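What follows is the residue order along each chain.
Protein chains: 2
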Amino acid sequence: MTYELYYWDGIPGRGEFVRLALEQAGADYVDVVREEGGTARMMAVLKGRTKGFVPFAPPFLKDGDLLISHVANILLHLGGKLGLAPKDEAGRLEANSLQLSITDFVAEIHDVHHPIGVSLYYEDQKEEALRRAEDFRDERLPKFLGYYEGQLGKNAKGEIHAVGETLTYVDLSLFHVVEGLHYAFPKAIAAAEPDYPMLVGLHAQVKALPNIKAYLASGRRLAFNEQGIFRHYPELDRA
Amino acid sequence: MTYELYYWDGIPGRGEFVRLALEQAGADYVDVVREEGGTARMMAVLKGRTKGFVPFAPPFLKDGDLLISHVANILLHLGGKLGLAPKDEAGRLEANSLQLSITDFVAEIHDVHHPIGVSLYYEDQKEEALRRAEDFRDERLPKFLGYYEGQLGKNAKGEIHAVGETLTYVDLSLFHVVEGLHYAFPKAIAAAEPDYPMLVGLHAQVKALPNIKAYLASGRRLAFNEQGIFRHYPELDRA
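Protein chains in written order, with my numbering: chain P, 20 to 258; chain F, 20 to 258.
In isolation and in its complexed conformation, chain P is listed as follows (with noise of 0.2 Å):
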């Protein structure tokens, strides 16, 4: 059976952390948006002109007659399938968590430069996003990293996993985080690093991954741009 991936064309955005899951696993799955009529079908699916659930926005997965939408809700479908989720319940629903905590955290990132509204233009709310901006730079960014480190090396044995010992959806979803802030933010997180080397060495590692090497270097990994969650401005870096 091959998934079906809907997410929007040109962005990395939300559906990366799906795409993670399914190239490291060397999945069979379209892409569906980057087809021919992909987006014409996946409007008929949000604007409810198909049989079935209505998800609330992109990415959503259809696995056969199952329609699944939220990241952290495909991923829990998919971990177990794919071989990327712990195989006890506590480990799955710790996966969970940690999942739901960073999908907190990306819309988060998101908001640093659309404090106001996701209606509104950056440049329309530039001002705002400074003043956002420096508290994520202080309070929020140091919190969530200071949290993935400390979950990491609780866990640390030999290879760095956020949960139990092989590595996980949650794995994927974290290199990817650390990849974003790397291009949102260089300056911030170059200065962050230091105090973070386990995620450091979790970034790394899933990095030299071979299928996730390839994957990378592929034209179906799309750039971050600024259309994404993960955006430049430089203005909203530290100085």
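Incorrect hints may have been included.
Identical copies go unnamed one by one, so any copy, or any two together, can satisfy a pair.
Straight-line alpha carbon distances no greater than 20 Å define the calculated DMTMM-like cross-link-like pairs of lysine to aspartate or glutamate that follow [as the list claims (entries may be wrong)]:
no., residue 1, residue 2
1, LYS70, ASP107
2, LYS66, GLU168
3, LYS70, GLU108
4, LYS232, ASP256
5, LYS145, GLU127
6, LYS173, ASP107
7, LYS100, ASP84
8, LYS206, GLU178
Because the hints were derived from the structure by calculation, they are not lab data. All values reported here derive from a predicted model rather than from experimental measurement.
Following the hints, position chain F against chain P.
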């Protein structure tokens, strides 16, 4: 086995979504922080002084040896055990998709009064909150309410339910969101409600459930106030 719910005392907050499920099911639970010494017990977990998983933030639930954070994850876990989730896989995934959309909505509702940062007081971001509130009332509120109205309408067969043909935790959460919106934005909601008859109907239906009714009348139900997610600042409501 007694469930242990850990959440800040004094506000309904995100803990309320879990409480409503436990109350409706008549489950045996303790609201740990509202007991003698409870805050210290919660802080010990959050500071990593206990064995096992450290959650990012409350609410979290202890179910025997399991420690589960994030509302959607807790409800996913409890849903099946308490008979408040669909029994089929498609329904369970749909319930989780919907609950995660509520997570997003609740975060946006919170950020109306905290557009710049949670570490700052409302008074320090009032100007920005006024702008965000306008965008929220004009764009986001109708988008989310319209989404749930469509979902309830598609699914209506006699009683109103968000997923399947029985009461689920999603219905309870939607009830609480409507309650909270009435508290925080009474004028905006009064103006909007005629457009969302299914949501109004679901709210009334949940409010009349015997266990919910008894709970709402009890001392266990905390009142909304200006420390929580749903805050009534008249200047942020419709004029």
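Status of the hints after comparison with the structure:
1. LYS70 with ASP107: Classified as between; 17 Å across copies, 34 Å inside a copy.
2. LYS66 with GLU168: between (41 Å within a copy, 14 Å between copies)
3. LYS70 with GLU108: So LYS70 and GLU108 pass the 20 Å test across copies only (17 Å; inside, 33 Å).
4. LYS232 with ASP256: neither (28 Å within a copy, 50 Å between copies)
5. LYS145 with GLU127: Both ways: LYS145 and GLU127 sit 16 Å apart in one copy and 19 Å across, limit 20 Å.
6. LYS173 with ASP107: Result: close within a single copy only, 18 Å intra versus 36 Å inter.
7. LYS100 with ASP84: Classified as within; 16 Å inside a copy, 25 Å across copies.
8. LYS206 with GLU178: neither (28 Å within a copy, 55 Å between copies)
Going down the numbered hints, you'll see the structure goes against 4 and 8, while the others check out.
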